[in-house]
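**Student:** Listed below are the residues making up each chain.
Number of protein chains: 2
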Amino acid sequence: MVLSKVTIDIPKNKTYKDLIEEYGDELGVLQREVRRLNLSVNVVFEGWYDSFVGEIINQQLLPLDSRGFDFYFTEAPTSEERKKPFMTRFSQKIAPKGKLAVFDRSWYMRGVIEQLMDDSNPLMCGQNPALDDNALSLFTETTKKEIIHTERFDRLIDNINGFEKTLTDDNNILIKIYFGISKEDRVKRKNSWKKTIPYIIDKRSMEKVYREDIYVIKELLDRTHTEHSPWSLILVKQDLDLAILQTMKTIIDQLKPAIEHAQLKLEKEYRNGENIPDIEKIDELTGEKEIVHYEDRYADHLAKVNLTKAYGKKDYKKKLKKYQNRLAFLHYVLYSQKKAMVLVFEGWDAAGKGGSIKRIVQSMNPRFYRVIPIASPTDVDLRHHYLWRFLDGIPTCGKTSIYDRSWYGRVMVERVEHFCTEEEWHRAYDEINLFEKMLTDSGMIVIKFWLHVSKEKQLERFNARAANPLKQWKLTDEDWRNREKWDQYYNAVNQMIEETSTKNAPWVIVESDDKYYARVKILKTIIKHIEKEIPGQEKVNKKNLNE
Amino acid sequence: MVLSKVTIDIPKNKTYKDLIEEYGDELGVLQREVRRLNLSVNVVFEGWYDSFVGEIINQQLLPLDSRGFDFYFTEAPTSEERKKPFMTRFSQKIAPKGKLAVFDRSWYMRGVIEQLMDDSNPLMCGQNPALDDNALSLFTETTKKEIIHTERFDRLIDNINGFEKTLTDDNNILIKIYFGISKEDRVKRKNSWKKTIPYIIDKRSMEKVYREDIYVIKELLDRTHTEHSPWSLILVKQDLDLAILQTMKTIIDQLKPAIEHAQLKLEKEYRNGENIPDIEKIDELTGEKEIVHYEDRYADHLAKVNLTKAYGKKDYKKKLKKYQNRLAFLHYVLYSQKKAMVLVFEGWDAAGKGGSIKRIVQSMNPRFYRVIPIASPTDVDLRHHYLWRFLDGIPTCGKTSIYDRSWYGRVMVERVEHFCTEEEWHRAYDEINLFEKMLTDSGMIVIKFWLHVSKEKQLERFNARAANPLKQWKLTDEDWRNREKWDQYYNAVNQMIEETSTKNAPWVIVESDDKYYARVKILKTIIKHIEKEIPGQEKVNKKNLNE
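Chains as they are written, first to last, in UniProt numbering: chain D, 1 to 547; chain H, 1 to 547.
A couple of the hints might just be wrong.
[Unchecked claim] Under the rule of at most 30 Å between Cα atoms (straight-line distance), these lysine-lysine pairs were calculated in the DSBU-like manner:
#1 D:17 to H:474
#2 H:358 to D:14
#3 D:524 to D:437
#4 H:338 to H:93
Don't read these hints as lab results, they were simulated from the structure.
All values reported here derive from a predicted model rather than from experimental measurement.
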């Protein structure tokens, strides 16, 4: 796609001021539409240095009702933000339904450019202090041109395009505007600044820059100028009112059809299960036609699980102690190497998620792990994309987050209970894979455990809980209701495992009819992954264990 | 009050392990009580260096259901946190109703001690890099002893005691435990560490410290050992299991009566308005007795307001431009001096809050201000102390937050509509004064505007809104309902102004029947406050304005 410049015709009988007022009223009306229709609107402003971005944005905000928007001036990341995947701080700010979010600088300059500066440290773990604005000066003309051909640049572009598609797929509206400015106009501005504002804010932009970042930025704009989320380019000259008008017009022109489109899309959506089409399949050997139901298209991963695996108590106790000690040690290694880890626990009710998590953290230092139990979403959660509420739990580097249930609720309970549309949970597989890729791309270990038990074993455990006064609270009516839908969940789990077991974030099915076996297998799996990710540790561990 | 050491009797027929299991079950039961009764429980762990805090805490957490607690290991503040009043990051983490929050280090070590390190910069604006752990080494024996006699230390103690009283008054349970350890035991630990954990985490504590911080910490504990929130002191020896037991016992022993007490208190609470007692007053001149109704005890501040003040349009436009330019300039000065500002707007419906805010921000750089519109609390908000939801909007240094409605809702709409109990809104005046003092203590400018209009003028504006298609949305049924309760609000406002107009955070009543007059007065007031707070600016401004 090719970016084209925004132009505007000014009717002869009107002044700029007249039009700014008219457009302001129109923006106000659209904002109320956004609220009424519960849409999330995100406006991204990026621009060349000294292109008046701040001044122009202020004029867009003034006509708006302040209850209806959030404004974010994106500065360099805080020390905490530096320790998380680079998109996290932006994803967390995406407008909730019914509101606008206005970004003055975004994941483009503050995300990509910062990432590129930091070649030595893909984890962004604060080890490298060069991540602030001054880092721009690290660039030489040559590396700038070269960087757009690197695999790293590709990955960042993929991350951004995937992220933006996730947003627009979920009916979030995204408007991206880039302000250009010529060298002459920039110099004129600089001179006028000297007179009126002795306290110049962005000293850097005045003195240091004007280097040719243009190669990278042009490529960045080109490759993120997508059908679902195109760029608008506005060339700013000395007449600021004209630029303000062009910007207002651009927002209005994009918001109007987007609102209509979102409205249509909302009407068209059908509920899960009402309309899953069967497909025709031709048997490879016989050539016969066969009708395949949607849920039969996936392999029966769970059927292959050998649930008879078990350990005796004495054996278990010995193994438990051994592997807990080893994990405790490796956990310190992870911390010292600033390597983050995400462990996801999913499984049937009463499969032993809680008990397994307890055995993992028992010997860990609580300062470096966090157990994140996932309950029903709050009303605030429900105003965001379903992945939003998991962002806060993403560990900073060196730390471990253990999710007790997770984003996989989308393709299990939300699918089975029709809390989302079929289109939504279908789409979720790709969204989840992208989400987890962002985690592993930033250097994290991600392991997902499915704790599998037989239907009989579950019943046995339910009954045992009901009989134990100290454990009764664990058993709820919901558990019994879920059990009635065993087959639907069974299908959902098979599909989930097939669609989301990736090389970077694999599913591990844990045979859990015997709790002892399950716990030991989980501990061993985690240890194995850490050893693989931190070469050289295997030996150190062995030595340590033998002592 | 005097701190006493926790001791424990171990029955002869039981081992430590037996008791740890028993207490664990008991903690689990209490946790479920906490959830059932919707209580907020906060456990604060502090301790001398190398006193096994981490290990002991982990054992307290293991018996708990992870859905019911949050664990916070308080590290040095992030770059963002450094820019806010020191209590903010702790207040934001106080347990929501129904949950426990466990603090490994808290406002004591991480708040007070850090504050004291940073003598040069009361704003904590990140200008002083000495705020990290190494800062401890800045202390000399002498200054340590002396610091407890400073006004600054007093202020920190007042802040903490006030904060904790606010919590416990609101039925939040607070348990504070301090771990002591002898020099000999610390050395033994150090040696055992060398063998088992080659990756020592807290290197600082091993090598640098053991200085005599004891003066300050002892004084800190003594003066925060209050009736509403006492300390428990546990002396840790080499037998960690004993310390774990003592800790569990301490928590159980405090949680049990606290739960009972909270339950009783919840039952006793009566609703606002049902039971406000009249008081007897004796006239100073005549000696006659008089019965005074609660709401007549406060002066009628609003009656004194001269609502005829007004400006002509031409005069207004000139003044507006002049003061807007001046404010825009001073806003850059605030930023460059890292001075934060909080502006609170309250007033009758249709008094012109939105329009006034617009005139303030019109010439400001959006990167340095934020308008925070306050709507009804979400369900997440409602699980916290009512001040909690305003914390996120507190500006970082150099920035301005403009609250469109605020925490004063507690003593206005929540009082009048009976959304809180009488006891709660009564208490709120002190709580608000303390809250605002924390803001100004950390160097912020705080100004509160009450926009006052006559009842007639309000009706006039309601009717005008109803007639204008572009403004109809501003007028809701609620506005009409509020208008019916004019007299009740009138009394509430008078009391609010009397109780919360402080020297550090004054109320400014704005005559708003004429919008022009109101806007100019507000601009002038803000300018005056900034000039006062940043000496020397008055001249610079004048010069700047004359140019």
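**Student:** For every hint, state whether the structure bears it out.
**Tutor:** Hints, verified against the model:
{"no.": "1", "hint": "D:17 to H:474", "verdict": "holds (24 Å)"}
{"no.": "2", "hint": "H:358 to D:14", "verdict": "holds (24 Å)"}
{"no.": "3", "hint": "D:524 to D:437", "verdict": "holds (24 Å)"}
{"no.": "4", "hint": "H:338 to H:93", "verdict": "holds (26 Å)"}
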